[in-house]
Structure formats: structure tokens, C-alpha cells
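**Student:** If you want the building blocks of each chain, they are given just below.
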Amino acid sequence: MKTVLFGLDGATFTVLDPLMRDGVMPNLKAFCDRGVRAPLASTPHPLTPMAWTSLATGRGMGHHGYADFVRFEMTPQGPILRFNTSQDIHAEQIWRYASRRGRRVTVLNYIGLAPPYEVCGHTMPGFVPGRHLRRSSHPPDLFARLQGAEGFDVNVLGLDLDIERQALQEMEPEKWLDWIDLHIRRERAWFGTLMHLMTHEPSDLTMVVFDGVDKVQHLAYRFLDEAVAPRHPDAWEARVMERCRDYFRQVDSYLGQVMERVGREGRIVIASDHGFQTTTEVFYVNTWLAQQGLLRWRGEMDRDDGAAIVARRLTRHLDKYDWGKTRAFALSPSSNGIFIANVAPAEYHAFRERLIEGLQSIRAADGGRVVAEIKKREDWFAGPYQDRAPDLTLTLRDRGFISVLEGRDVVVPRRQPAGTHHPDGVLLALGPGLKEGARVERRSILDVASLLAHSLGLPIPADYEGAFPDTFYEEAALRADPPRREGAEAMPQATAAAAPEMDAEDDAVIYDRLKSLGYIE
Amino acid sequence: MTEKSLQDREQETIALLQEITRDWSTGLGDGITPATALVSDLGFESLDVVHLVTAIEQRFGRRDLPFEDLLMTGGRYVDDLTVGDIARFLQRNLGA
Chain A
0 MKTVLFGLDG ATFTVLDPLM RDGVMPNLKA FCDRGVRAPL ASTPHPLTPM
50 AWTSLATGRG MGHHGYADFV RFEMTPQGPI LRFNTSQDIH AEQIWRYASR
100 RGRRVTVLNY IGLAPPYEVC GHTMPGFVPG RHLRRSSHPP DLFARLQGAE
150 GFDVNVLGLD LDIERQALQE MEPEKWLDWI DLHIRRERAW FGTLMHLMTH
200 EPSDLTMVVF DGVDKVQHLA YRFLDEAVAP RHPDAWEARV MERCRDYFRQ
250 VDSYLGQVME RVGREGRIVI ASDHGFQTTT EVFYVNTWLA QQGLLRWRGE
300 MDRDDGAAIV ARRLTRHLDK YDWGKTRAFA LSPSSNGIFI ANVAPAEYHA
350 FRERLIEGLQ SIRAADGGRV VAEIKKREDW FAGPYQDRAP DLTLTLRDRG
400 FISVLEGRDV VVPRRQPAGT HHPDGVLLAL GPGLKEGARV ERRSILDVAS
450 LLAHSLGLPI PADYEGAFPD TFYEEAALRA DPPRREGAEA MPQATAAAAP
500 EMDAEDDAVI YDRLKSLGYI E
Chain B
0 MTEKSLQDRE QETIALLQEI TRDWSTGLGD GITPATALVS DLGFESLDVV
50 HLVTAIEQRF GRRDLPFEDL LMTGGRYVDD LTVGDIARFL QRNLGA
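Residue numbers (numbering that gives the first Met the number 0), protein chains in the order written: chain A, 0 to 520; chain B, 0 to 95.
Honestly, I wouldn't trust all of these hints.
Said to hold, decoys possible - Across the chosen pairs, the derived CB separations fall in these ranges: (1) Ala475/A to Asp22/B: 50 to 56 angstroms; (2) Arg100/A to Val38/B: 55 to 61 angstroms; (3) Gly262/A to Asp22/B: 34 to 40 angstroms; (4) Phe59/B to Pro412/A: 49 to 55 angstroms; (5) Gly73/B to Asp304/A: 40 to 46 angstroms; (6) Ala36/B to Asp245/A: 41 to 47 angstroms; (7) Ala36/B to Arg438/A: 44 to 50 angstroms; (8) Asn92/B to Pro412/A: 47 to 53 angstroms.
As the list claims (entries may be wrong) - Beyond 10 angstroms from chain B on every Cβ pair, some chain A residues (computed): (9) Asp21; (10) Pro114; (11) Arg295; (12) Met300; (13) Asp303; (14) Asn341; (15) Glu346; (16) Phe350; (17) Ala363; (18) Gln415.
Said to hold, decoys possible - Only part of the chain A face toward chain B is listed, based on derived beta-carbon distances under 10 angstroms: (19) Leu80; (20) Leu132; (21) Arg134; (22) Trp322.
Worth flagging that the hints you see were computed from the coordinates, not collected in a lab.
Backbone N, C-alpha and C define an ideal beta-carbon position, used for all residues, glycine too.
Model the full structure from these sequences, guided by the hints.
**Tutor:** Take a look at the structure:
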């Protein structure tokens, strides 16, 4: 059956429900009335590269290997940052699987599509600068085919790092409306591309991600969540709130047009990779590590006072660490991770336990514990690629992202709350056989790929780690079209939100990885 | 196998960069030469280098090239690179 995944990066019912209630998103409301919805538990660290890749592969990070936008490798020349690409994903995405099984696919603005590879259909990646989009798309002549598409503008579609970075720090008020407008224009360009291909070269599986939801919420979440939004906004705040609603109004219009195009003969799945909430403080983890004598800067560091979390140029930031004298460090805010270096294999576990104890002891000015949870890589990201995860992944008490800069203090309250990722995203589905007007229990992001495979009439690959979301279907529909599982092995029932239990085989895999990394002799 | 000279590697690098920058307005009147610098002449930014690295890996079918030797010196990232730097890197690591 023709199937569309309508991705809304970072979407949360906390924001969507009031927008539906207030008439800003009437098509989404109709979708809910006619379809089924559930909260969607993201990956253990709810981050775009990890989560969207788990959604598309049905595998946890330890198996697909895509932990973060960047990864860090120690080389004889020193530490080098490598950007993760499609070549760093080691599990098959649903579109490659579907293409291999004879389905035509269209995938737009999804992460991990560049450099492109052969599929039956089209791919155009997200998170790629506009000037690289043409050669990062498939087939090579896709741009030529899209010249007539309404709104198709490569300068708007692409990623601009300088602009993106602005939203991760405190932005001047006069820039807010431009920022939201940029994402309104960008979604228009992606939607024009989507509709052109759906009209002229339709696929069995169509997937598109509108990532402005995430971008707008990082900046303006305090105006979107009713729990914290101003009850009596001033003129500027009112303009920001209305422009945010314009953004969601437009996305809703696009959803309505996709619903009309798909009709009653196909299925539409709406999903987000994670949800959202407010973050109210900045945790300068490297400042704390330096205070503990675990990290040494090469010289005097400028102290951040702008509630920034990310360096202007990450490669330049790398030069600031004294790598010979650093034993624990954080590099990318997105990972929320601490890496351990220069620790003898025999001392690794004891060192890491002391580090965990130290992190657990950090208190903010109000006496509260700053680090709410600490995840060891082998517990939460088990698999052949678990070494791509940091040694420790932190969940902060307000779920904020760490700052990798030097702060004037370890914990600094934000002047205004910002948006950050929450582990609960959204999953909704509409179409033949699916429940109508139903709300069901939370699903895992690992379950979505099996939903898509089944909708396409394909067997569910045996190595998918999620469970088939049978609660989304009418019983009679499932009896008539039960999910078929490929291969002899039963699908594990583990969910993304729960720590996997380790067995002897897992232990052996981890032992081998640690040995190969030099942690164990 | 035909031996590749440094001039061959320069031409391969130039061809690769011409493909990458096809849609850019570089304003290079004389075209790309071995002396052309990525940042100061072609306007490369950090993500452009990422795409160049990936393009080299794809072009030569190698994912094990020690790009740290090209991108870093003395443990720090270099500020700029010329076409000639890249050609010499390829010559060293892909063989003549």
C-alpha cells in the first residue's frame, strides 16, 4: 500500500494539542479524529542523527553506528573530528530495504543520505549545505527534473551552519522573526519538492522530514508551551507567538494537501524523532572537568557569558585542549557526552566510576543535582558500534544540552528558558486498517520501521529490535493482513527507552570491542 | 597499473574540485590550478571540507586515507590547503 512518512522533527503533543484545539492545525486534528496516535519514546539520548536513524533502521545506535553529527578519532597527528555520513550507517534503512524489495521510494530532507547511493526512486538529504545538494542527491539528474517544482530553491533548502548556530545561543530579539521566516520558506521549498515528485513521479514509500519544528522550538519553545508561555505578551512577544503559529499553520496546510493526495487508499504516518521541553540552565561540563584536574586547556580560555553551548568553529575549539594532560572531556553539545582518554586500560573502570561519582555530586545554586542520569555506553548503546557513543552520556535535570565552552561557573541559569529535547515524541497513523480516533500506549521509535514495512506489504526484517505496533491496528485488519517476520529468528521485544539486558553473548561482544580499543589487554 | 605522476594527481584533484564547485560563484577567472587555495580562493567552509573528504574517499574507493596528515599539522588544523597539497597527499597515500 502506498505509504507516506510525514516527519516533524522534534514535534511534541505538548505543543501540537493546543494548536489543534485553537484551530491552528485543523488538518492534524482531522488526522487525529480519523487516525490513531501515541507518544513515541525516542532513543536513550534523544538526538536527531541517532533517533531518525533508529526510526529508519529499527535498530539501536550500537548497531547502526550513527551517534552524533560528528565523531572524534585520536590519530597520530592528534584528535580529528569526522562528520558522520551515509557511509557511517551500518544498518539498512527502510527505504533501502523497500527499494531492494522492488518498491519505489522518495526520501527528502532525511539525515544520513549523503553521499547518495543507488535506490529505486529519489533521495535528497537534509543537513547538507545548499551548494552540495545537487551532487548529494539521487538520481544525479534529480535537480534537472525539479526545475519546475514550485518553491524549489537550493539556496533555501540547504543547511547554513552559521545561521543554525545562532539558534543554539541567545539570539537578539530583532533576529527572531527572520529566523522563523527562514524556516517557513525552507519548509515551503521542501514541500514544493515533495509535491512535485508525488505528482509526477510517485513512489510506494515517500518520506519527508520538516525540521523547522525543531529549529523553531529550540529558539521559541517558551512561547509555544502553554505551561510557560506569557499570559499577557508584550508587542514583540505577541509577534513572535503569531509567527510561530504561522509556521505551524503552514505545516498543517502541507499535511492537509498530503492527506488529499494520498486519499483513502494509502497510509500516512506522522512521527517525530523526539519531543521538546524547556531548559533553564547551562552546564559547562568542561569547566567542571578542568576544576577536577581531568581536563587541561592549552592556555587562558575566554569565558562564555552568552549561554552558548557550541564553539563557533569546532576544529578551532579542538586546538584548545591540552590533549597530553586531558583525561576526560566533552566535545560536542549534541552528544551530551564525556570521552575518556589517557587512562590505562587497567584503570579504566575505576576511573570511570570515580568520574560518575563526581558528576553525581554536582549541585546547582539551589542545591539540586544537575546531572540526573549517567549512561555507560555498553549499557545503553550495546552493539558492534557502541564505541561511537561517548564513554558516558549525561541526562541533565532540565534535559538541556551540555556546553563545551569554558563558563564563568559550572552551572549558569539562562536569562530566558530555551527549548531542548524531551524523550517523548509523537507517532500518529491514518489509513486502511488503522484505528480511528484512538489514543494508544507509548511506542518505541524502534517500532516505526516495522509499521512502514508492513504497510508496504513487506516482511519485517528479523533484526529489527522494536515490536510491531499492533495496537495501532483494528484486530480484523491484522487478522486479514498479519505482519510477517523475515528469517527464522524472533524479533526482540526491547524498546528504545529501556536499558537492554546483557547476556553472555553481549558481554563477549563488548569484551572484544573494549579489547580492540585497547581498554582491555 | 599505469603510474600516476604528481601532475596526474593535480589534474584529478582539479577535476574533483571543478565538480564540487560547479554551482558556486568562485569568481576564479583562470580556473583552478595547483596553486589554488580552498579557503581563500574557492571560499571553502568547514562543511565543504567534509564534502571534499567524502568525495575523495568515493573517487578512489578508500575510506582509510589518513586525512589528519592533510588537515592537521603539529596537532592543529591547518588554515588553508592548496590543490597541490591535496595532490601530494594523494600521491603519498595512493601511490604513484
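**Student:** Decide, hint by hint, whether the structure agrees.
**Tutor:** Status of the hints after comparison with the structure:
1. Judged by the Cβ atoms, the range 50 to 56 angstroms given for Ala475/A and Asp22/B holds: they are separated by roughly 53 angstroms.
2. Between Arg100/A and Val38/B the C-beta distance comes to about 45 angstroms, which lies outside the given range of 55 to 61 angstroms.
3. Gly262/A and Asp22/B have their C-beta atoms about 37 angstroms apart, which keeps the hinted 34 to 40 angstroms range intact.
4. Under the hint 49 to 55 angstroms, the C-beta atoms of Phe59/B and Pro412/A, about 51 angstroms apart, fit the expected range.
5. For the pair Gly73/B and Asp304/A, the beta carbons lie near 31 angstroms from each other, so the given range of 40 to 46 angstroms is not met.
6. Between Ala36/B and Asp245/A the C-beta distance comes to about 43 angstroms, which sits within the given range of 41 to 47 angstroms.
7. Taking 44 to 50 angstroms as the suggested C-beta distance range, the pair Ala36/B and Arg438/A does not conform, at roughly 59 angstroms.
8. As the Cβ distance of Asn92/B to Pro412/A is approximately 50 angstroms, the hint placing it in 47 to 53 angstroms holds.
9. No Cβ of chain B comes within 10 angstroms of the Cβ of Asp21/A; the nearest lies about 39 angstroms off, and the non-interface call holds.
10. Remark: the non-interface label on Pro114/A conflicts with the geometry, its nearest Cβ contact in chain B lying 5 angstroms away (cut-off 10 angstroms).
11. Every beta carbon of chain B lies more than 10 angstroms from that of Arg295/A, the smallest distance being close to 14 angstroms; the non-interface claim holds.
12. Chain B leaves Met300/A outside its interface by the beta-carbon criterion, the shortest separation being 16 angstroms against a cut-off of 10 angstroms.
13. Annotated as non-interface, Asp303/A keeps its C-beta farther than 10 angstroms from every C-beta of chain B; the closest such distance is 20 angstroms.
14. The claim that Asn341/A lies off the interface holds: its Cβ sits roughly 14 angstroms from the closest Cβ of chain B, which is beyond the 10 angstroms cut-off.
15. A cut-off of 10 angstroms between C-beta atoms confirms that Glu346/A is not in contact with chain B; the least separation is 25 angstroms.
16. With a cut of 10 angstroms on Cβ distances, Phe350/A stays outside the contact zone with chain B, its closest approach being about 24 angstroms.
17. For Ala363/A, the requirement that its beta carbon stay farther than 10 angstroms from each beta carbon of chain B is met, with the minimum near 34 angstroms.
18. Listed as a non-interface residue, Gln415/A keeps its Cβ farther than 10 angstroms from every Cβ of chain B; the least gap is roughly 29 angstroms.
19. Proximity of Leu80/A to chain B holds as hinted, the smallest CB-CB distance being about 9 angstroms (cut-off 10 angstroms).
20. Hint on Leu132/A holds. Least Cβ distance to chain B is approximately 9 angstroms, under the 10 angstroms limit.
21. At about 7 angstroms, the closest approach between the beta carbon of Arg134/A and any beta carbon in chain B falls short of 10 angstroms, and the interface hint on this residue holds.
22. Of the supplied interface hints, the one on Trp322/A holds, with its beta-carbon coming within about 7 angstroms of a beta-carbon of chain B, less than 10 angstroms.
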